[in-house]
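So the protein sequences, as listed, match chains A and B.
Going by our numbering, the first sequence opens with residue 0, and the numbers climb by one from there.
Going by our numbering, the second sequence opens with residue 43, and the numbers climb by one from there.
Rather than coming from a laboratory, the hints here were simulated on the basis of the structure.
Check the hints yourself; a few may be wrong.
Each computed DSSO-like pair below joins lysine-lysine, with the alpha-carbon atoms no more than 27 Å apart [claimed, not checked]:
#1 K102/A to K41/A
#2 K1/A to K41/A
#3 K112/B to K102/A
#4 K41/A to K53/B
#5 K41/A to K99/B
#6 K112/B to K99/B
#7 K44/A to K97/A
#8 K78/A to K102/A
#9 K78/A to K41/A
#10 K1/A to K97/A
#11 K97/A to K99/B
#12 K1/A to K99/B
#13 K44/A to K53/B
#14 K44/A to K99/B
#15 K97/A to K112/B
#16 K112/B to K53/B
#17 K99/B to K53/B
#18 K97/A to K95/B
#19 K78/A to K44/A
#20 K44/A to K102/A
#21 K53/B to K1/A
#22 K44/A to K1/A
#23 K97/A to K41/A
#24 K95/B to K112/B
#25 K102/A to K1/A
#26 K95/B to K102/A
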Amino acid sequence: RKEVEQDPGPFNVPEGATVAFNCTYSNSASQSFFWYRQDCRKEPKLLMSVYSSGNEDGRFTAQLNRASQYISLLIRDSKLSDSATYLCVVNIGGRDDKIIFGKGTRLHILP
Amino acid sequence: DAGITQSPRHKVTETGTPVTLRCHQTENHRYMYWYRQDPGHGLRLIHYSYGVKDTDKGEVSDGYSVSRSKTEDFLLTLESATSSQTSVYFCAISDLAPSTDTQYFGPGTRLTVL
Numbered sequence: 000r001k002e003v004e005q006d007p008g009p010f011n012v013p014e015g016a017t018v019a020f021n022c023t024y025s026n027s028a029s030q031s032f033f034w035y036r037q038d039c040r041k042e043p044k045l046l047m048s049v050y051s052s053g054n055e056d057g058r059f060t061a062q063l064n065r066a067s068q069y070i071s072l073l074i075r076d077s078k079l080s081d082s083a084t085y086l087c088v089v090n091i092g093g094r095d096d097k098i099i100f101g102k103g104t105r106l107h108i109l110p
Numbered sequence: 043d044a045g046i047t048q049s050p051r052h053k054v055t056e057t058g059t060p061v062t063l064r065c066h067q068t069e070n071h072r073y074m075y076w077y078r079q080d081p082g083h084g085l086r087l088i089h090y091s092y093g094v095k096d097t098d099k100g101e102v103s104d105g106y107s108v109s110r111s112k113t114e115d116f117l118l119t120l121e122s123a124t125s126s127q128t129s130v131y132f133c134a135i136s137d138l139a140p141s142t143d144t145q146y147f148g149p150g151t152r153l154t155v156l
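All chains, full assembly: derive it from the sequences and hints.
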């Protein structure tokens with residue numbers, strides 16, 4: 000099983016719709032989790048951290064399920080500007096102490 | 043935005059030539075990283091630094107070397123460029139250890155090796 004897995008998409012979603020995608024991770028020692036956003040030909044940028052209790056930032060909600068080892072990102076009332084690739088990021092602590100990036104999920108918001 | 047710059051932003055070179063990419067930060071962060079990003083592979087760590095003159099290898103370090111003589115600068119050198127090193131290279135920084143802190147990325151360098 001890969002360390003971090005994401006559905007590559009693309010997800011083609013009409014403007015205004017709600018879209019959700021998951022990311023699974025294999026290492027139970029994973030300590031912290033993030034979603035990054037990457038626009039075409041740009042650098043990845045932090046979108047939000049993912050906390051055990053879940054967190055919300057405007058139209059974006061991130062959740063963590065440690066028992067099933069996945070994190071999720073929900074985007075409500077999607078905008079054209081949400082079109083991007085969303086990277087799941089998992090930080091593994093302990094002896095490994097490393098960060099693993101998923102390959103990303105491409106999202107296209109359709110007018 | 044975090045103060046990270048990369049130079050050059052684009053470079054075309056020929057197989058066998060040495061290439062050096064520079065990453066410069068103004069955030070005084072301890073950790074600096076070099077990644078490459080290729081279709082189908084995502085971001086892969088090449089080398090990282092945890093302080094001046096302190097560096098370590100990542101998962102794809104073969105053919106690359108790094109140096110960090112100052113907190114603000116992290117150099118990536120391709121000793122003899124090959125076509126397989128054609129990629130987009132991103133520098134990143136973090137203030138704390140990789141497992142505890144988020145990373146902030148520079149704008150990237152597009153390298154083409156002919």
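Which hint numbers does the structure go against, in order from smallest to largest?
3, 21, 26
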